Every structure is written in structure tokens, then in C-alpha cells.
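Visitor: Protein chains in written order, with this note's numbering: chain A, 1 to 263; chain B, 1 to 323; chain C, 1 to 406.
To be clear, the hints were calculated from the coordinates, so they are not data collected in a lab.
Model, not experiment: these values are computed from the prediction.
Beta carbons: idealized from backbone N, C-alpha and C, even for Gly.
Heads up, some of the hints might be wrong.
[Unchecked claim] Some chain C residues well away from chain A (every beta-carbon gap over 12 Å; in silico):
#1 Ala16
#2 Leu29
#3 Leu33
#4 Ala41
#5 Val178
#6 Ile208
#7 Phe216
#8 Ser235
#9 His236
#10 Arg239
#11 Arg245
#12 Pro257
#13 Phe286
#14 Gln328
#15 Asn338
#16 Met367
[To be verified] Going by beta-carbon spacing under 10 Å, a handful of chain C positions derived as facing chain A:
#17 Gly64
#18 Leu158
#19 Leu160
#20 Val228
#21 Ile237
#22 Ala240
#23 Glu242
#24 Asp247
#25 Gly255
#26 Cys268
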Amino acid sequence: MTALFDAHGITKRFGGLVAINRVDYALDRGISSIIGPNGAGKTTLFNVFTGLYEPDAGEVTFRGRSLVGLRPDQITALGVCRTFQNIRLFANMTAIENVLVGMHARVRLGLWDALTHPPRFHTVERGLWQRGSELLERVGLRDKANEVARNLPYGDQRRLELARALGSEPALLLLDEPTAGMTQGEAGHLMGLLRRLVADLGLAILLIEHNMRVVMEVSDRVTVLDHGEKIAEGLPREVQGDARVIEAYLGRRSVSRSPRAAS
Amino acid sequence: MDYELLIGIFPQVVLDGILLGFMYALIALGYTMVYGVLEFINFAHSEIFIFGAFVGVEILLSLQSAGWLARLPWVVVLILVILAGMLASGLLAVTVERVAYRPLRAAPRLIPLISAIGVSFFLQDIIRLFESIWRNAFNLVYPTMDVMNIRFELTSTLDVSVRSLVVIVAALLMLWSLHVLVNRTKIGTAIRAVAEDQAAASLMGINVNRIISLTFLIGGAMGGAAGVLFGIQYSLINPYTGFIPGLKAFTAAVLGGIGNIPGAMLGGLVLGLLEAFAASYMSLLTGGAFGAEYKDIFAFSVLILILIFRPKGLLGEVVRGRA
Amino acid sequence: MIHAMAAVAAVALSVALVDVFPRSILVFLAFQLSLLYVYVARIPPWLRTGLLGVALLVLMPLIGLRNGYYLEVATQVGIFAALALGLNIVVGLAGLLDLGYVAFFAVGAYSWAIVGSPHANLIFGGGFPLAPGWFYVFLFVGLAVAAIMGVLLGLPVLRLRGDYLAIVTLGFGEVIRVLANNLDKPINLTNGPKGITPIGRPPLPFGIPYSEGFYFLVLLIVVVVILVNRRLEDSHIGRAWEAMREDELAAQAMGVPLVRAKLLAFACGASFAGVMGVVFSAKQVFINPESFTFLESIGVLAMVILGGMGSIPGAVVGATVVTVLNLQVLKGFSLWLNELKNAGVTVLGYSLANLPTQLEPAKYERMVFGIILVLMMIFRPQGIFPARRRQRELAHTDKEPTVVVP
Numbered sequence: 001m002t003a004l005f006d007a008h009g010i011t012k013r014f015g016g017l018v019a020i021n022r023v024d025y026a027l028d029r030g031i032s033s034i035i036g037p038n039g040a041g042k043t044t045l046f047n048v049f050t051g052l053y054e055p056d057a058g059e060v061t062f063r064g065r066s067l068v069g070l071r072p073d074q075i076t077a078l079g080v081c082r083t084f085q086n087i088r089l090f091a092n093m094t095a096i097e098n099v100l101v102g103m104h105a106r107v108r109l110g111l112w113d114a115l116t117h118p119p120r121f122h123t124v125e126r127g128l129w130q131r132g133s134e135l136l137e138r139v140g141l142r143d144k145a146n147e148v149a150r151n152l153p154y155g156d157q158r159r160l161e162l163a164r165a166l167g168s169e170p171a172l173l174l175l176d177e178p179t180a181g182m183t184q185g186e187a188g189h190l191m192g193l194l195r196r197l198v199a200d201l202g203l204a205i206l207l208i209e210h211n212m213r214v215v216m217e218v219s220d221r222v223t224v225l226d227h228g229e230k231i232a233e234g235l236p237r238e239v240q241g242d243a244r245v246i247e248a249y250l251g252r253r254s255v256s257r258s259p260r261a262a263s
Numbered sequence: 001m002d003y004e005l006l007i008g009i010f011p012q013v014v015l016d017g018i019l020l021g022f023m024y025a026l027i028a029l030g031y032t033m034v035y036g037v038l039e040f041i042n043f044a045h046s047e048i049f050i051f052g053a054f055v056g057v058e059i060l061l062s063l064q065s066a067g068w069l070a071r072l073p074w075v076v077v078l079i080l081v082i083l084a085g086m087l088a089s090g091l092l093a094v095t096v097e098r099v100a101y102r103p104l105r106a107a108p109r110l111i112p113l114i115s116a117i118g119v120s121f122f123l124q125d126i127i128r129l130f131e132s133i134w135r136n137a138f139n140l141v142y143p144t145m146d147v148m149n150i151r152f153e154l155t156s157t158l159d160v161s162v163r164s165l166v167v168i169v170a171a172l173l174m175l176w177s178l179h180v181l182v183n184r185t186k187i188g189t190a191i192r193a194v195a196e197d198q199a200a201a202s203l204m205g206i207n208v209n210r211i212i213s214l215t216f217l218i219g220g221a222m223g224g225a226a227g228v229l230f231g232i233q234y235s236l237i238n239p240y241t242g243f244i245p246g247l248k249a250f251t252a253a254v255l256g257g258i259g260n261i262p263g264a265m266l267g268g269l270v271l272g273l274l275e276a277f278a279a280s281y282m283s284l285l286t287g288g289a290f291g292a293e294y295k296d297i298f299a300f301s302v303l304i305l306i307l308i309f310r311p312k313g314l315l316g317e318v319v320r321g322r323a
Numbered sequence: 001m002i003h004a005m006a007a008v009a010a011v012a013l014s015v016a017l018v019d020v021f022p023r024s025i026l027v028f029l030a031f032q033l034s035l036l037y038v039y040v041a042r043i044p045p046w047l048r049t050g051l052l053g054v055a056l057l058v059l060m061p062l063i064g065l066r067n068g069y070y071l072e073v074a075t076q077v078g079i080f081a082a083l084a085l086g087l088n089i090v091v092g093l094a095g096l097l098d099l100g101y102v103a104f105f106a107v108g109a110y111s112w113a114i115v116g117s118p119h120a121n122l123i124f125g126g127g128f129p130l131a132p133g134w135f136y137v138f139l140f141v142g143l144a145v146a147a148i149m150g151v152l153l154g155l156p157v158l159r160l161r162g163d164y165l166a167i168v169t170l171g172f173g174e175v176i177r178v179l180a181n182n183l184d185k186p187i188n189l190t191n192g193p194k195g196i197t198p199i200g201r202p203p204l205p206f207g208i209p210y211s212e213g214f215y216f217l218v219l220l221i222v223v224v225v226i227l228v229n230r231r232l233e234d235s236h237i238g239r240a241w242e243a244m245r246e247d248e249l250a251a252q253a254m255g256v257p258l259v260r261a262k263l264l265a266f267a268c269g270a271s272f273a274g275v276m277g278v279v280f281s282a283k284q285v286f287i288n289p290e291s292f293t294f295l296e297s298i299g300v301l302a303m304v305i306l307g308g309m310g311s312i313p314g315a316v317v318g319a320t321v322v323t324v325l326n327l328q329v330l331k332g333f334s335l336w337l338n339e340l341k342n343a344g345v346t347v348l349g350y351s352l353a354n355l356p357t358q359l360e361p362a363k364y365e366r367m368v369f370g371i372i373l374v375l376m377m378i379f380r381p382q383g384i385f386p387a388r389r390r391q392r393e394l395a396h397t398d399k400e401p402t403v404v405v406p
């Protein structure tokens, strides 16, 4: 069976800097994480996957279709959606409106419908609002539906971004540091939410994360990037103990299994 | 197709083009310097330019009515008028920046642009108001200085007037001084630093606000000088004549690479030449179907095409790195 | 209750005053202000609509009978209100600064002017002007032509960043103006600076005179335009536009096709201008390139900005204020000044008769626009009536989530 999402040989250069060097990545289901020190190229990889950047080399396929050269909105329509490292909500729109925009790709209405508001329009709109409120319910923001996005507390904003991304009915969700700025408790809640999403909606989720506890607890698989290259991949536990991973994070000298005896 | 005619007028067209080009270059410098440090199109620069022309004409008219115009050596008069125009326009530019742009520095980019449009319109009518009250007329004519009309015949088909020479020499002087200022003085280095990276420049101890004001001063002064030269060259000015040359000079700035000072000079020359050729040859080549009136469309088309196909311009943009 | 009585009283009183003082501009302004009051007052919607309806459908024409100029002003306000609403979609909703908007207005106007007058005979040899009834068809032709032009303009320029887009649209507007001025050869399309006249006027029902007829036609079109605006705003398209204005990158990532959305905004905005252009040329009977300059583009922009970007009532109010300022206040000031001059009034020892003849306040529209733009940007960029997303809210109880979609 073809993998849901398959990228191989991805290379991305910016001028003379090689941001990503021949990275392969495939995922099928469940929750996977990409980790790595700052500047490793994780967000760049996301940007390539979602069409913000075009790779200099390599191929990206989703459900058998090539994504290279497609615009971000086209990729979203195909079923891949993302959130952003620095929250990019539509600040002056309400929470429910943000989610409604997220559903744009799935709206089967045209200009004529918008101009004439036939009964079909009202039915579809009602359905959208219904679904929007369900998504907000899912992330626990139902009672803040009519709040303007920029007035929401930080944690709620992150969850709103998640709800908005879910609006496009993705099969694959890419979350860029979803727990950044959260307390351990909030992060844990979010992870529980993600697991429920996978269970209920059959989503595949790909996380970029720095919070190691979260990563280890929730991921089915972890991939490690450093300086634009994949240096390790596997089950969380395997990756945790990998020498190269430790080295990437902490530097060469600290790779030492036996503590030095104090003299 | 009268080839002899086409070739015959060629040198004159080139000369016209260079003349026009230098004028555009001087005005373009104002746009490009401001865009370099602020990434902002100073829409009101066209009025700062024509303001210089008005200051010049007022001085000349005053000299004329006091009887001094004929008595003073024309070089002295010229230098006086140009310097006055530069000073006035420069100060106007600084004032406009303080009043209408600085409060909007943090706003999304379109807001100060709209404000600049407002300033442009306001200045047009303020000049009109002043002149209506002062002289009961706002279509003013530059007093002739007879020496300007002396023509030298270079070849059988090419002659050049003292007036044109004056414009060319003055423009060259100004462009050269700007080049020295920007590249060989401390102030110039500061301006270039602020254009590259405002935050870093301020960390290096540069007073960014002061440098920005200075940039407006210098850019405005260049525009003012261009205004005086424009008045000398074309004689007739009114508060609304700044608009079209301003737009064309902006085209020249973009053509050369916005933010890029040599680019503005190059862009000005290229546009001037292109326009001169279009004006002279279009009607000849199309049998009168499309005449010289279309030269304005020509410049705008260049603008549109450049922005669509090569927004970096000929020499490349020099703009602030984004955060 | 008090508000309701006050609103009715305000309207009734001002109308009565107009009847008594038909020449007083201040009194007419008072009438307009009373309408504004009705709009913002806290009165039940049925009363608001009722009062405004009566005022616009009955009272205004009656005022027009007392002083025809006022009806003319009202019609002009309507024309510019439609233009402002169109630009409002482009600038206010989608966030695209179009500085050449008047070009669409010009295209609509010329489309009817050419075939509605004998001018087309110069091009086609005969058969023109078309029968006046064709005017109503050309309302749609003008709409279509302008919309197509909007798309054609948009295609190459929409990926430019904001300030460059503005300048390019400015250039485009200027190109249209120069073309209008010069397309009298090789084929005489526009008759150049001489303009086109006489342009045919549409047949009106019930034998209404033209000044009333155009007033009602303009009013009808404005109502339709407002309706269309509201519908678009409350649809996925309106939401996409707003999202695009907030954060283009995020909007695209959420599935909004940017180019298509921008083109749609351009086309919609352009189409309103196209329709009004057709009306304008029929109303004026004579058009020339002077009516379609950068000044007009900026004028419409000033209306949108003054009223509030993205706000429908804002656009209408902005159009009213700016048009009234130019047509009435400035002109009135000019007239008043002339009266004072002729009467030999002196101010502080200076005889006003000595004021320079070139000083005509009526000509200072640019200063008005300029001041409006600068002051609004610095002090109130959201406009007089800031856009407020209409109250479509999620209503819910704890037990059963229900959705209320008005």
C-alpha cells in the first residue's frame, strides 16, 4: 500500500546555504515528530511540504499525487494542512470566523450563490457554522466562539489555530511547535487532544516539537534533523539513546556514558 | 520612410534624451533615497520638486521687478536660485516627514502611502493658494535670461542652447556631489547603514531619526534643484506640473533599482532617452497614427512592465533586510 | 421612545425648514444630518428603514421640486456612493490599494457614450445612435466590460506587493485617461478632448422628468449595490477577502486561492463603477476625459477612507460628506465670498473686494482630499464608521448547541 505521504531526496538551498540536504521522509498514520536543534531546517521542511517553498531537488507525494509546484491553497485542498510556529490567526476576526475560513477549500458554493443567496446557500452556510462550532467544541473553545481572535489567551489561540486547520478536513496535519509557550499541563492536554483526533478522525499528524517529554510520550515515531540532514529515525526510545542525536543537541564533549569520578 | 530624416534627427533626440534624463535622475534620487531608508514611496516628492521651481520663479521675479536681474552676472543668479530651491525643498521635505510620515512609521505600509498621497494633493493646492493670493496667478513663467537662448551649432543637424548646457552641467555637478556625499563622508555611510539595516545601525550608535530626516533633506534638495532646472528649461510652471514628471521619475528610480542611488541616475538617463526616442520617432514611424502625446503612456507602460517583469530593476534593489 | 420621536422630529423639521428656506445650503445640510441621525439613532429597525425610505423616496424629490440643485447633489452623492462601495470591496475588504479606479468608471461611461450618441457613426458608418431603450441593456454591458477590464488589469499585477500595486494601478488609470484623450486617431473612438455628445437618455416610466428619473435610477442602483455588498460580505467569499487582508500567507495556507480571490474583488469593484459610468454618461449627456482623472480616483479613495475601509455605511457616509463638501460647502463658500466682495465688506480694515480674483474656494477640492487623507491616517485610520463584522454569532445553550445564521 502506498504511503499516505512520501518525500524523498528533498534539497532546499537559499543562496549558498543548504537548508535541507537530501532528506527522505514518509509517514502513513498516527503521530510522528520531527525534532532537532534550532536551525536544523524543520520549519523549512514544513514549508517545502506545504508548497511555500519549492524544493531544489526531490519529490513530494501525497496519496500518490505529486505536491511539488502546487500552491499552498491547492495542497490544502488535497488534504494537507498546517499551523504556524508564530501563531498566524486572523486577528480581527472571531474564533468561529477563523475556523470558517479554514473550511474555505471545502465550500462547494460559487460567486453566483454568494450573490443571490439561494436556499442551497443557506443550507450550506448553516452546515458550515454547525461544523465550525463542532470543531471549536473539539478543541474546547466552544464558549469563546464569538471572541475576537486577538483577545484570546495564548493557549486558546494555539488551539484555535488547530481548529482552523481541521476545518479543511485534512488527512495529514502538520503542526509547527504546537506546545510552544505552554505549561506542561497544557501541553499534556493538547497531546491528549491530538491522540483523540487521530483516533476519531483517522488523521495523520506530523509535529515539529522542542518539548521532549511531549515528543516521547505522544509520538509513534521520531525523526531527528540536524543542519538540514536526517541523522536518526525510529521509535522515541531508540532515538533518545542515539549518540549522534545527543551530540547534535549537546555537543561532542558531553557524549559520555560514565560520569567522571571526582578526584 | 524617410531614412535620412530619421537618422538626421538622431543626435538631437539623443541630446534631448540626455537632458530629460538628467532631470529625471535628479528627481528620482529623492524617491530612491527615501525608499532605501524607509521602504516607503514618498508620493509627495513630486510636489517637493515643483515647490523648488516655485521658489526659484519667485526669486527671479522679485529680482526682475527690483531691476537686479539684468545687472547681476547670470551665473550668480543661477547659483543663487538653485541653492534657494534646494534649501526650500529640502526643508519642506523634512517638515512633511515630521508631520505626516513619522507618526505612521509603525503602521502597515499602505497607511503612510495614503498619507503621502494626501500630502501631495494638499501641497498642490497650498502652492496654488499662496500664489493666488500673492500674485493673483498660479501659472507662472520663468523670466527669460537672454544669455540662455544663445545656441551653439555643433553640427548641421545638432545645436544646443546655453540653457540646455546649464541644465546638464548643473545636474552633473549635483549628481557628483551626491555621489561624494554618500560614498565618501561619514554621513553618507550612516545613510547607507540605515538603508541596509535600521536596527543594526541604531545599535552602532547612529541616530536613525536624524539620519532619516537628513535623507529627506538631501533627497528633497535634489528635487528642488531639479525643479529650478525644470523651470529654467520649460519656463511654464503651475502647481500641478509636478505630478507627471514625478511619476516618471519614480519609474526611473524603479527602472534603475529602487533604493540604489547609481540606479536612480542610470534609470533616469535610460528613461529620458527612451522617452525622447518615443516622442520623436513614434509619430514618424506610425505615419502619424500615434504621436508624441503617447510618450506619457510610454513611460507608464515602462513602469508597469518593469514592476511586473523585473521589479528589482536594472542594477538591483537596495532595501532593508526584513526582520 | 424618545429617540424615535427625536428622529421623526428631526427629519420633519429639517424638511419644513428646507421648504421655507430653499436657498439655504445650511438648511439642506441639516436635512442630510437628520438622515444620518436616523441611521445611527437607537430606534427599532422598522422605523429606521421606514424613515429613510420615506425621506429618500418622497421627501427628497419634494425638496428637489423646491430647489432642483439639491436633487442634483443627491444624485451625484448616489453616483459616488456606488463608486465608493465598489472601491470599498477592493481596498476595504480585500486590502488592495487601487489608485486608478476611475478607469473602470470611464470605460462604462464611454461604452454607452459611443453607441448612445451619433459618434459611433464615425466608426461604423451608420445606424447610430441606438434607440434610447438600449440604455438599460448597456447597464449590463458596462458592468461586464468593466469587470473584464478589472480581470485583465488584475492578472498581471495582483502578485505585486501593496505599494507597487498602488503605483501600477495609478499608471493604468493614467493610461486610460491619455487613451481617452488621444484615441481620436487613427480611428476616432473617443473623440479626444472634445468629448462625446449628445448622449442618449433612457426612456422613463410614467413620463417622469429626467432629473427625478435619474435620481430614482441612481437610488435603485445604490440599493442593489449595497445589497450585493452585504451578501458578499456574509459569504465565504467575504470571509476569504477579510482573511486575505489580515494575513495573506495564512489565508493561502488555509485554502484561499489568492489570485482568484483578488481578481474577484477587482472584478466586483470594477463592475459597480462600470454600471455607474453608463448612468453618468446618460445623465450628463456630454462626457470628456476631464471627468476621469486621478483626482476622481483619489476622491473616491478619500470617501472610502473617511467613511471607514470595509464598512458599507462608511462608504455611503464618506461619499455623502465628500460630495457635499465639494459640491455644496466649497461652492457655497465661493458664492458667499463673492457676495461679500460685491458688497464691499471689509475685514480688519482690508476690503474683501481687493481679494485676488484667482482665489476661488470652489477649486480647492485637492486640498480637501489631501487634508482628509492625512488627518484620517494619523488620527482615525479606521474611519468614521469602522467596519464591524455584522453580528453573525454562534448562539448556544449549554445543552444544545444551535447555530443562528441571520
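Visitor: Would you mind marking each hint as holding or not holding in the structure?
Guide: A quick look at each hint next to the structure:
1. Against chain A, the non-interface label of Ala16/C holds: every CB pair exceeds 12 Å, the least being about 40 Å.
2. No beta-carbon of chain A is positioned within 12 Å of the beta-carbon of Leu29/C; the least distance is around 34 Å.
3. Once the 12 Å rule is applied to beta carbons, Leu33/C is consistent with being away from chain A; the minimum gap is 30 Å.
4. Interface exclusion of Ala41/C from chain A stands, the closest Cβ pair being 26 Å apart, more than 12 Å.
5. With a minimum CB-CB distance of about 33 Å to chain A, Val178/C clears the 12 Å threshold, and the non-interface call stands.
6. Residue placement check: Ile208/C keeps its beta carbon more than 12 Å from all beta carbons of chain A (closest about 29 Å).
7. For Phe216/C, the condition that its CB be more than 12 Å from all CB atoms of chain A holds, with the nearest at approximately 23 Å.
8. Look at Ser235/C: its CB is around 4 Å from the nearest CB on chain A, not clear of 12 Å, so calling it non-interface is violated.
9. At roughly 5 Å from the closest C-beta of chain A, the C-beta of His236/C falls inside 12 Å, breaking its exclusion from the interface.
10. Look at Arg239/C: its CB is around 5 Å from the nearest CB on chain A, not clear of 12 Å, so calling it non-interface is violated.
11. Its beta-carbon lying about 9 Å from the closest one in chain A, Arg245/C breaks the requirement of being farther than 12 Å from that chain.
12. Not every Cβ of chain A is farther than 12 Å from the Cβ of Pro257/C; the closest lies at roughly 5 Å, contradicting the non-interface assignment.
13. Against chain A, the non-interface label of Phe286/C holds: every CB pair exceeds 12 Å, the least being about 34 Å.
14. Listed as a non-interface residue, Gln328/C keeps its Cβ farther than 12 Å from every Cβ of chain A; the least gap is roughly 35 Å.
15. For Asn338/C, the non-interface assignment is confirmed: its Cβ lies about 48 Å from the closest Cβ of chain A, beyond the 12 Å cut-off.
16. Taking the minimum C-beta to C-beta distance to chain A, about 33 Å, the non-interface status of Met367/C holds against the 12 Å cut.
17. This hint is violated: Gly64/C has a C-beta 32 Å from the nearest C-beta of chain A, more than the 10 Å allowed.
18. Interface restraint check: Leu158/C against chain A, minimum CB-CB distance 13 Å, threshold 10 Å, status violated.
19. Hint status for Leu160/C relative to chain A: violated, with the closest Cβ pair at about 17 Å, above 10 Å.
20. A least Cβ separation of about 6 Å between Val228/C and chain A falls short of the 10 Å threshold, and the interface hint therefore holds.
21. Evaluation of the Ile237/C hint against chain A yields a held restraint, the C-beta minimum of about 5 Å falling below 10 Å.
22. With a cut of 10 Å, the hint placing Ala240/C at the interface with chain A holds, because the nearest CB-to-CB distance is about 6 Å.
23. Because the smallest distance between the Cβ of Glu242/C and any Cβ of chain A comes to about 6 Å, under 10 Å, the interface hint for this residue holds.
24. With a cut of 10 Å, the hint placing Asp247/C at the interface with chain A holds, because the nearest CB-to-CB distance is about 5 Å.
25. With a cut of 10 Å, the hint placing Gly255/C at the interface with chain A holds, because the nearest CB-to-CB distance is about 3 Å.
26. Taken as an interface hint, Cys268/C checks out: its beta carbon lies about 9 Å from the nearest beta carbon of chain A, inside 10 Å.
Hint violations for this structure: numbers 8, 9, 10, 11, 12, 17, 18 and 19, all remaining hints satisfied.
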